[in-house]
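Student: Sequence:
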Amino acid sequence: MEPEMPKQNTSFTVLPMSSPKTSSETSKKRVFYFAQLTLRILVIAFTLAGAITMTTSQQFKVVADSVVCGLSVLSIVLVIALNSPKSNYKNYFYLLLLDLVSVLLLVSGCSAGMAIGYVGKFGQSQTGWIAICDKVAKFCDKIMASIASSFVAVICLFVLTLMSAHNLKSHPYLDGI
Numbered sequence: 001m002e003p004e005m006p007k008q009n010t011s012f013t014v015l016p017m018s019s020p021k022t023s024s025e026t027s028k029k030r031v032f033y034f035a036q037l038t039l040r041i042l043v044i045a046f047t048l049a050g051a052i053t054m055t056t057s058q059q060f061k062v063v064a065d066s067v068v069c070g071l072s073v074l075s076i077v078l079v080i081a082l083n084s085p086k087s088n089y090k091n092y093f094y095l096l097l098l099d100l101v102s103v104l105l106l107v108s109g110c111s112a113g114m115a116i117g118y119v120g121k122f123g124q125s126q127t128g129w130i131a132i133c134d135k136v137a138k139f140c141d142k143i144m145a146s147i148a149s150s151f152v153a154v155i156c157l158f159v160l161t162l163m164s165a166h167n168l169k170s171h172p173y174l175d176g177i
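Quick note on numbering: full-length UniProt numbering labels position 30 of the sequence shown as 30, and the sequence is numbered without any gaps.
Treat the hints with care, since some could be wrong.
Between beta-carbon pairs, the in silico distance windows are [unchecked claim]: (1) L37 with Q124: 41 to 49 Å; (2) F34 with M114: 31 to 39 Å; (3) Q124 with T26: 27 to 35 Å; (4) S111 with K169: 24 to 32 Å; (5) S170 with K138: 44 to 52 Å.
Taking lysine to aspartate or glutamate and the EDC-like style, the derived pairs with C-alpha atoms no more than 20 Å apart in a straight line are [claimed, not checked]: (6) K86 with E25; (7) K121 with D134; (8) K121 with D141; (9) K28 with D134.
The set of hints was computed from the structure by calculation and includes no laboratory data. Here the structure is a predicted model, which is why all the values come from computation and not from measurement. No residue lacks a Cβ here, since even glycine has one placed at the ideal position from N, Cα and C.
Construct the complete structure from the given sequences, taking the supplied hints into account.
Tutor: Set out below in structure tokens:
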């Protein structure tokens, strides 16, 4: 008869193995990166176009477009920095804040431009302002082109905000934050 062996505690903890990135994960990350860069370049182009077309009108919208254009250039630098392997993933929060501030500033600039455009097109009888678009059509055309350009930039920034929020939320390292 064999001698009985003492029972040993054989409990162990299974640690998740870090699986190497699959090609689909890498391609998704690359598509996300290039989509962000493309949308940010479009924001720069449309806000710059909006600022240039509105410059002769000397309205608040020029400042809003110019600031958002500058913030978009800054955000491109941040996106490129975040793409490096040594970057702190929590910085995506700052990118989200930058996108939100840009959207809010651009929407307020568009609202100011639309108010001026409305008064220019229809006038305001209570204050004695008359419609000028029938006399100065070039002014109204510039305002309309600038507002349209800025609204395309607003749409791009809104999509970027959603992308940044999704990227921040879906990262596994930020679950406990």
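Student: Run every hint past the structure and note whether it holds.
Tutor: Comparing the hints with the structure gives:
1. L37 with Q124: 41 to 49 Å: 43 Å, holds
2. F34 with M114: 31 to 39 Å: 33 Å, holds
3. Q124 with T26: 27 to 35 Å: Cβ of Q124 to Cβ of T26: about 57 Å, so the range 27 to 35 Å is violated.
4. S111 with K169: 24 to 32 Å: 29 Å, holds
5. S170 with K138: 44 to 52 Å: 48 Å, holds
6. K86 with E25: 18 Å, holds
7. K121 with D134: Given pair K121, D134 holds - Cα atoms ~8 Å apart, limit 20 Å.
8. K121 with D141: 10 Å, holds
9. K28 with D134: 51 Å, violated
Consistency with the previously given hints fails for numbers 3 and 9, ordered from lowest to highest.
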